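Got chain D; can you put chain Z on it based on the hints?
The chain contents come next:
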Amino acid sequence: MKVGLFIPCYVDQFYPQVAIATMELLEKFGCIVIYPPNQTCCGQPMANSGYAKLSGGCERNFIENFRGLDYIVSPSGSCILHIREHLQSANEPDIAENIRRTSYELTEFLVDILQVKELNASFPFRVGVHVSCHGQRGLFLSSMSELVSPAFSKPEQLLKMVDGLRFSMPVRPDECCGFGGSFCVFEEAVSVKMGKDRLREHNANDVQYITGTDVSCLMHLEGILRRQGSAVRTIHIAEILNHTAHVSN
Amino acid sequence: MSVTDHSRAAAAFIKDEKRTDWHDETLWFVREKRDRAAHTVPEWETLRQLASDIKDHTLSELDSYLSLFEQRAIANGIKVHWAADAKEHNEIIYRIIKENEVRRIVKSKSMLTEECHLNEFLVQQGVEVIDTDLGERIVQLRKESPSHIVLPAIHLKKEDVSATFHEHLRTEKGNNDPQYLTEAARQHLRDKFIQSQLAITGINFAIAETGGFVVCTNEGNADFGAHAASVHIACMGIEKVIPRAADLGVFLRLLARSATGQPITTYSSHFHRPRRGQQMHIVIVDNGRTRQLGRSDFRSSLKCIRCAACFNTCPVYRKSGGHSYHNAVAGPIGAILSPNMDMKKNADLPFASTLCGSCTNVCPVKIDIHNQLWKWRQVLATEGYTGKDKTFMMRVMATILSHPALYRFAGYSGRWLLRLFPGLFESRKLNPWYREREMPVAPANSFRQWYFKNKQKNHSS
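The listed protein sequences derive, respectively, from chains D and Z. 215 is the number that the numbering used here gives to position 215 of the first sequence; each next residue is one higher, with no gaps. Just remember that the numbering used here sits 249 ahead of the position in the second sequence, which is counted from 1.
Worth flagging that the hints you see were computed from the coordinates, not collected in a lab. Errors might be hidden in some of the hints.
Taking lysine-lysine pairs in the DSBU-like style, the calculated list, with each CA pair at most 30 Å apart, reads [as the list claims (entries may be wrong)]:
1. LYS407(Z) x LYS328(Z)
2. LYS407(Z) x LYS53(D)
3. LYS704(Z) x LYS28(D)
4. LYS53(D) x LYS264(Z)
5. LYS441(Z) x LYS407(Z)
6. LYS552(Z) x LYS264(Z)
7. LYS264(Z) x LYS407(Z)
8. LYS593(Z) x LYS53(D)
9. LYS702(Z) x LYS53(D)
10. LYS347(Z) x LYS392(Z)
11. LYS639(Z) x LYS624(Z)
12. LYS117(D) x LYS160(D)
13. LYS196(D) x LYS267(Z)
14. LYS28(D) x LYS702(Z)
15. LYS639(Z) x LYS53(D)
16. LYS53(D) x LYS615(Z)
17. LYS196(D) x LYS328(Z)
18. LYS2(D) x LYS704(Z)
19. LYS53(D) x LYS328(Z)
20. LYS267(Z) x LYS336(Z)
21. LYS639(Z) x LYS196(D)
22. LYS594(Z) x LYS336(Z)
23. LYS678(Z) x LYS639(Z)
24. LYS392(Z) x LYS336(Z)
25. LYS282(Z) x LYS406(Z)
26. LYS422(Z) x LYS264(Z)
27. LYS702(Z) x LYS196(D)
28. LYS264(Z) x LYS196(D)
29. LYS407(Z) x LYS196(D)
30. LYS593(Z) x LYS637(Z)
31. LYS406(Z) x LYS264(Z)
32. LYS2(D) x LYS336(Z)
33. LYS196(D) x LYS336(Z)
34. LYS406(Z) x LYS267(Z)
35. LYS267(Z) x LYS552(Z)
36. LYS593(Z) x LYS624(Z)
37. LYS196(D) x LYS117(D)
38. LYS704(Z) x LYS117(D)
39. LYS267(Z) x LYS282(Z)
All figures in this text were calculated on a predicted structure; none of them were measured in a lab.
So here's chain D without its partners, still in its complex pose (with noise of 0.2 Å):
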């Protein structure tokens, strides 16, 4: 099974541990990675700032670097979002629709495509879980408090196969934190006090980690806890299933 490593531009340039592990997990339940070199960005950031027409040039070039393979998966319930909404390309639509019907992020790939029943991993740790929006509402990854219907997680059933992993949810358990793209510099009080509100229920429950399923929701969480000097780290969901016993973090 080849599958192509989508690594969202903020991740390959500031975490690139999110990456490797991405990498690592798929490769230890046998797939073949492949990791096209020229990537750039799925073109969201243009997209949802209201400018789709300014993004073709990031189609063309993901169209390019992720034709002709089995799968694509990101750590990124957002960027495969954005994928699966919006990629288009005038002159190869079939191309384009290929890579729409074959893009998955990761927790989603790991429980549906490959059926991962068990993991080798360990994490002694207490970790609170953070619901992205994008990954949540969007690709289904789990049920939501809205709707009336049955309850389910792909994450959390993950996170269930890791040794010594206590998670708790936090008192509201999937409202939005606050990134929101460009939201997070535009709208800069709210989207802050959108994190600040999450964080304190996660420290309710006196958690050691947070992770989820999207860096961008960590990275503007990790932001608020390092100013306010806390010793809750954020922590993206691959680290956590790639993480063993005998490799300390």
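Only chain Z this time, still in chain D's reference frame:
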């Protein structure tokens, strides 16, 4: 108005953090009540789909349902008026007031009359209207606008209400007892009801089949007004019509549960015809709605039944307050309705969202609100309402991210600067990220650099 209006007003609101927390928690309490109420209905999601389908169908044949409604209403003895815009709506109502030579007028809650700025218009003509919804009366006394379409005074605490009542209704200074304040409001409004000659109400549902309409209130103030006065004027947007009386069962089950978590509003009053000696008028208003109907991406926003569930669930609304939306209808639904009315004035509102999608999930008529927020952003940028600075910034970003070598160079230089000269980024004035957040720690190598140093070497060895 500029594109940063909402963010500025929101920042001012958040400055009082304790009060913001109180506002947030009060509305979250309503959201939780809504969740509990929804979960008592096992077929909730089916009901939402049904409501959505009925509204879609009605909008697709809106002209014929409106004609049928008019015809049946006239047959019932109701006078029907058509208003193309807010101005016509206000003038029609003023004409009826003048023709009847009445002075004492009461009005129950109608967001349409807020949208049309009816009160301001009538005051200019020397006519005073008393709002009889308690929350609306409070904000009216304070010369404010409602901050929420269901809970108009939700931005106020009992201390604020006490001060307002002390000033206007001569209640005891500093008496914050809700029971005492409510009693004072009751006595004050009871007087107005008894004396009223003309009552204005909104309409929640107009039924084409019967020519009747339904008004939902929790305070019974619409009934009080309409039953005491000799003239009743009911105002509706063209989207309020539903085909059959049987459809009401679907909407009434959804409306109050979504709005406040009640199984049903305390009063769901059915009006069919004027009582003997009474005049009954209906004003049917377009005011931009047919334009919205013509926008294929946004027409389904007209399905809205004004329950405000999207307000209560929206973290941005809860933390920025209704007045930051500078529009009669605030919140997520206001942010997709208002650009249709005035793109320039409301260009900031579709950006007052993280696109989290919670609004879409609570909407009882399944309007895909967050997708429409995204689509409005595209329209506003294309029409040039997002500002030259932002457009320039986006062009630069798009160019960098479209060229792999340029992207790598920018990433490398950015990290290098952040590592060696962190001070460059540490301006709370120039860098909004840094105001209350630390910058991410820049690693020496990007993943790509790591990959080519380590991974490929391992593969070849």
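Now for the hints, and whether the structure bears them out:
For the suggested pair LYS407(Z) and LYS328(Z), the alpha carbons sit about 41 Å apart, so the restraint of at most 30 Å is broken. The hinted pair formed by LYS407(Z) and LYS53(D) fails the criterion: a straight-line CA distance of about 49 Å is larger than 30 Å. For the proposed pair LYS704(Z) and LYS28(D), the alpha carbon gap of about 15 Å is at most 30 Å, so the pair holds. Under the criterion of a C-alpha separation no larger than 30 Å, the hint pairing LYS53(D) with LYS264(Z) is inconsistent with the structure, at around 37 Å.
Taking the CA atoms of LYS441(Z) and LYS407(Z), the gap is near 23 Å; set against the 30 Å cutoff, the hint holds. Straight-line distance between C-alpha atoms of LYS552(Z) and LYS264(Z) comes to about 36 Å, which puts the hinted pair past the 30 Å bound. Restraint check: the Cα-Cα separation between LYS264(Z) and LYS407(Z) comes to about 20 Å, which is no more than 30 Å; the hinted pair holds. For the proposed pair LYS593(Z) and LYS53(D), the alpha carbon gap of about 20 Å is at most 30 Å, so the pair holds.
Straight-line distance between C-alpha atoms of LYS702(Z) and LYS53(D) comes to about 36 Å, which puts the hinted pair past the 30 Å bound. A C-alpha spacing of about 25 Å is found between LYS347(Z) and LYS392(Z), which places the hinted pair at or below 30 Å, so the restraint holds. Distance hint between LYS639(Z) and LYS624(Z) is fulfilled; the C-alpha atoms sit about 17 Å from each other, no more than 30 Å. The straight-line distance between the Cα atoms of LYS117(D) and LYS160(D) is roughly 10 Å, inside the 30 Å bound, and the hint therefore holds.
With a C-alpha separation of about 13 Å, the suggested pair LYS196(D) and LYS267(Z) falls inside the 30 Å cut-off, and the hint holds. A hinted pair counts as satisfied when its Cα atoms are at most 30 Å apart, and LYS28(D) with LYS702(Z) qualifies at roughly 21 Å. Distance restraint check for LYS639(Z) and LYS53(D): the Cα-Cα separation of roughly 14 Å lies within the 30 Å cut-off, and the hinted pair is therefore satisfied. Proposed proximity of LYS53(D) and LYS615(Z) is supported: the alpha carbons are some 28 Å apart, at most 30 Å.
At most 30 Å may separate the alpha-carbon atoms for a hinted pair to count; LYS196(D) and LYS328(Z) exceed this at roughly 55 Å. For the proposed pair LYS2(D) and LYS704(Z), the alpha carbon gap of about 17 Å is at most 30 Å, so the pair holds. Taken as a hint, the LYS53(D) and LYS328(Z) pair is broken in the structure, with Cα atoms around 50 Å apart against an allowance of 30 Å. Restraint check: the Cα-Cα separation between LYS267(Z) and LYS336(Z) comes to about 41 Å, which exceeds 30 Å; the hinted pair is violated.
Between LYS639(Z) and LYS196(D) the alpha-carbon distance is near 27 Å, which keeps this suggested pair within the 30 Å criterion. For the suggested pair LYS594(Z) and LYS336(Z), the alpha carbons sit about 19 Å apart, so the restraint of at most 30 Å is met. Distance hint between LYS678(Z) and LYS639(Z) is fulfilled; the C-alpha atoms sit about 18 Å from each other, no more than 30 Å. Simply put, LYS392(Z) and LYS336(Z) have alpha-carbon atoms about 21 Å apart, close enough for the 30 Å limit, and the pair holds.
Restraint check for LYS282(Z) and LYS406(Z): satisfied, since their Cα atoms lie roughly 20 Å apart, inside the 30 Å limit. The hinted pair formed by LYS422(Z) and LYS264(Z) meets the criterion: a straight-line CA distance of about 27 Å does not exceed 30 Å. Among the hinted pairs, LYS702(Z) with LYS196(D) is inconsistent with the structure: their alpha-carbon atoms are about 38 Å apart, more than 30 Å. As the CA atoms of LYS264(Z) and LYS196(D) are separated by approximately 14 Å, the hinted pair is consistent with the 30 Å bound.
A threshold of 30 Å between alpha carbons decides the hint, and for LYS407(Z) with LYS196(D) the separation of about 27 Å falls inside it, so the pair holds. For the proposed pair LYS593(Z) and LYS637(Z), the alpha carbon gap of about 14 Å is at most 30 Å, so the pair holds. The suggested pairing of LYS406(Z) with LYS264(Z) holds, with an alpha-carbon distance near 17 Å, which does not exceed 30 Å. For the suggested pair LYS2(D) and LYS336(Z), the alpha carbons sit about 64 Å apart, so the restraint of at most 30 Å is broken.
Distance check on the hinted pair: LYS196(D) and LYS336(Z) sit about 45 Å apart at the alpha-carbon level, beyond 30 Å; violated. Taking the CA atoms of LYS406(Z) and LYS267(Z), the gap is about 12 Å. The hint holds against a cut of 30 Å. The straight-line distance between the Cα atoms of LYS267(Z) and LYS552(Z) is roughly 36 Å, outside the 30 Å bound, and the hint therefore fails. Taking the CA atoms of LYS593(Z) and LYS624(Z), the gap is near 16 Å; set against the 30 Å cutoff, the hint holds.
Only pairs whose Cα atoms come within 30 Å are accepted, and LYS196(D) paired with LYS117(D) is rejected, the gap being roughly 35 Å. Restraint check: the Cα-Cα separation between LYS704(Z) and LYS117(D) comes to about 27 Å, which is no more than 30 Å; the hinted pair holds. Between LYS267(Z) and LYS282(Z), the direct Cα distance comes to roughly 23 Å. Compliance with the 30 Å bound is thereby established for this hinted pair.
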